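Undergrad: Listed below are the residues making up each chain.
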Amino acid sequence: DAGVTQSPTHLIKTRGQHVTLRCSPISGHKSVSWYQQVLGQGPQFIFQYYEKEERGRGNFPDRFSARQFPNYSSELNVNALLLGDSALYLCASSLEVNYGYTFGSGTRLTVV
Amino acid sequence: AQRVTQPEKLLSVFKGAPVELKCNYSYSGSPELFWYVQYSRQRLQLLLRHISRESIKGFTADLNKGETSFHLKKPFAQEEDSAMYYCALKGGSYIPTFGRGTSLIVHP
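So the sequence lines, in the order shown, correspond to chains A and B.
If you want our numbering, it's the 1-based position in the first sequence plus 581.
Position 83, counted from 1, in the second sequence is what our numbering calls 70; the numbers after and before it change by one each time, with no gaps.
Quick caveat, the hints were computed from the structure, so don't treat them as lab data.
As the structure is a computational prediction, the values presented were derived from the model and not from experiment.
Glycine included, every Cβ here is placed at the ideal spot set by N, Cα and C.
Incorrect hints may have been included.
Stated by the list, open to error - Mimicking BS3-like on lysine-lysine, the simulated pairs with C-alpha atoms at most 27 Å apart in a straight line are:
id : chain 1 : residue 1 : chain 2 : residue 2
1  : B       : 52        : A       : 633
2  : B       : 77        : B       : -4
3  : B       : 9         : A       : 611
4  : B       : 52        : B       : 2
5  : B       : 52        : B       : -4
6  : B       : 9         : B       : 52
Unchecked claim - So the derived list for chain B, only partly shown, Cβ under 8 Å to chain A, looks like this:
id : residue
7  : 26
8  : 30
9  : 31
10 : 32
11 : 33
12 : 36
13 : 40
14 : 70
15 : 73
16 : 80
17 : 81
18 : 82
19 : 83
20 : 84
21 : 86
Chain A on its own, in the form it takes in the complex (with noise of 0.2 Å):
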């Protein structure tokens, strides 16, 4: 198994522009979840999702979005990229949303 994998490994953007990232999750993990690390900080939340339905959603802007497909693989999508948004981008699979996070070892998101 290769555990979480997630795509692209690096990625330069333009202010405005819009950006995807994928994950990949452990082969029969049924829960993804996106997390936000900005240098000198620990994960922030992003979202949570379960079978393919939003389970949790933190406190970030409506730009960020994301979505879980029926393989549960997950996609999350920032609109209108700032400068703020540069950071570190963690996924992390579970078996179940109540069980621990195996982490993917992130996308790593320049904005200039």
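Knowing the structure of chain A, use the given hints to seat chain B on it.
TA: Using the frame of chain A, we list chain B on its own:
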């Protein structure tokens, strides 16, 4: 609301010295507490969870509901313990809230 506080941004010790990484939490119900670790150039990974009451890599953590703390301890630090350590809390929503992390540096 749930909150996790890790008061130390950096903890520096010598090899063989005891280590205690502090974690305090705020939550009105019965929380589930975790410690995650991130070694250099590796992904964030679960170290231990309080309900397991286990010792991983010599680390232990005891939930103290009276003091709302979940400090991570190891009696004798090793150089390979150098990493970022994050305390996390899961409340009723099953969504973990992370602290800002403590960087542990173990000097030879």
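Undergrad: Next, verify each hint and record whether it holds.
TA: Outcome of the hint check:
1. B/52 / A/633: violated (35 Å)
2. B/77 / B/-4: holds (22 Å)
3. B/9 / A/611: Cα-Cα ~32 Å, so violated.
4. B/52 / B/2: violated (31 Å)
5. B/52 / B/-4: holds (23 Å)
6. B/9 / B/52: Holds: residue 9 of chain B and residue 52 of chain B sit about 14 Å apart, inside 27 Å.
7. 26: violated (12 Å)
8. 30: Constraint on residue 30 of chain B satisfied, holds at 5 Å.
9. 31: Since chain A brings a Cβ to about 4 Å from residue 31 of chain B, closer than 8 Å, the hint holds.
10. 32: Residue 32 of chain B check passes; min Cβ-Cβ to chain A is 7 Å, inside 8 Å.
11. 33: holds (5 Å)
12. 36: holds (6 Å)
13. 40: With a minimum Cβ separation of about 15 Å from chain A (threshold 8 Å), the hint on residue 40 of chain B is violated.
14. 70: With a minimum Cβ separation of about 14 Å from chain A (threshold 8 Å), the hint on residue 70 of chain B is violated.
15. 73: For residue 73 of chain B, the interface hint holds, since the closest Cβ of chain A sits about 5 Å away, which is under 8 Å.
16. 80: holds (6 Å)
17. 81: Given a least distance of 4 Å, the restraint on residue 81 of chain B holds.
18. 82: holds (5 Å)
19. 83: holds (7 Å)
20. 84: holds (7 Å)
21. 86: holds (5 Å)
In the structure shown, a violation is registered for the earlier hints numbered 1, 3, 4, 7, 13, 14, in ascending order.
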